[in-house]
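Model the full assembly from the supplied sequences, consistent with the hints where possible.
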Amino acid sequence: MTVLLLKTNKQNYIQNGIYLKLYFYNNGGEKLEHKLTQIDESLEGIKCVFLDLDGTIYLGGELITGALEFLNRCDERGIKKYFLSNNSSKGVKEYMKKLADLGISAHKENILLSTHDLLAWLKANDISETYLVGTRGMARMLEEKGISTTSVNPQYVVLGYDTQITYEKLEVASVHLHSGVPLVASHPDMVCPGPNGGLPDVGAYLALFKTTTGVDPQHICGKPNPGMILHKITELGLNANECAMVGDRIYTDLAMAEAAGCHGILVLSGEATLEDLKISPQTPSLVVNSIADLL
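Under my numbering, the first residue of the sequence shown carries the number 584, and numbering increases by one thereafter.
Rather than coming from a laboratory, the hints here were simulated on the basis of the structure. Given the structure is predicted, the values throughout are model-derived calculations rather than measurements. Hints are not guaranteed to be accurate.
What the hints assert, rightly or not - As a list, the in silico DSS-like pairs of lysine-lysine whose alpha-carbon atoms are at most 30 Å apart:
hint, residue 1, residue 2
1, Lys-663, Lys-752
2, Lys-663, Lys-728
3, Lys-752, Lys-728
4, Lys-815, Lys-752
5, Lys-664, Lys-691
6, Lys-664, Lys-728
In structure tokens:
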């Protein structure tokens with residue numbers, strides 16, 4: 584079995600097959616083992632998995648090899664599945680269709696989006712007038728909850744992952760921001776992973792608006808906010824350590840798992856690499872090449 588050894592000044596990551604153990608060293612050079620997890624690839628003791636989509640279940644329009652088989656194994660084991668995405672370019676119905684087209688059956692109650700977190704934040708702050716930089720699918724989700732997305736006097740500019748973006752949207756949003764309208768974003772992701780390389784996501788759009796208007800968002804919704812999953816864990820009557828978040832992004836998926844107190848499982852099939860992990864403040868419970876390696 585091949586063992587990959589990666590060294591830094593402060594820690595070693597030792598990959599034995601697909602499982603990583605982390606070691607720290609004290610000032611005297613003595614090795615101190617830090618046990619990452621009480622779980623392994625079998626997911627023994629796990630009763631619920633929260634699954635990222637882009638880069639974890641699929642990449643672009645293609646299923647990641649072994650993803651469907653993993654989902655079937657979850658069903659066989661009685662492990663509850665919830666699909667999470669910070670990608671606010673699609674509504675729930677569109678996600679259900681995309682998953683169905685890939686051979687995955689999902690109920691709307693099992694799809695948790697950053698847009699849901701955004702809607703909760705808008706409601707909590709009594710916001711009904713917005714100017715949205717987002718897709719038609721995202722606009723429908725907001726409008727179904729009574730939130731205007733094309734207001735000429737918005738309380739907030741709302742920024743989502745707009746794959747239908749136009750210069751006119753950028754212009755109107757910038758004018759509002761220059762006039763003092765605050766900004767809220769659906770999620771922080773810089774890159775949307777794709778089969779041919781990363782694509783600009785909301786974080787990249789935020790950098791654009793910061794450059795042109797000097798405005799930072801007052802709030803960013805979605806992962807890594809633990810509220811994305813904590814309400815579901817409570818609803819299911821589970822302990823956080825009986826749940827696992829599986830995803831390809833350290834700064835959203837793993838950070839949320841850590842904040843929620845559940846297991847974080849990093850897959851290397853999307854954005855994050857072992858090099859990223861070496862400099863990350865997050866420590867996953869498990870690292871695997873892809874979701875196919877689980878169960």
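Here's how the hints hold up against the structure:
Taking the CA atoms of Lys-663 and Lys-752, the gap is about 40 Å. The hint is violated against a cut of 30 Å. With a C-alpha separation of about 28 Å, the suggested pairing of Lys-663 with Lys-728 holds against the 30 Å cut-off. Restraint check for Lys-752 and Lys-728: satisfied, since their Cα atoms lie roughly 22 Å apart, inside the 30 Å limit. In summary, the hint linking Lys-815 to Lys-752 is not supported, as the alpha carbons are separated by about 35 Å, beyond the 30 Å threshold.
With a CA separation close to 12 Å, the supplied pair Lys-664 and Lys-691 stays within the 30 Å bound. Annotation: proposed proximity of Lys-664 to Lys-728 holds, straight-line Cα distance about 26 Å (limit 30 Å).
Hint compliance for this structure: hints 1 and 4 are not met, and every other hint is.
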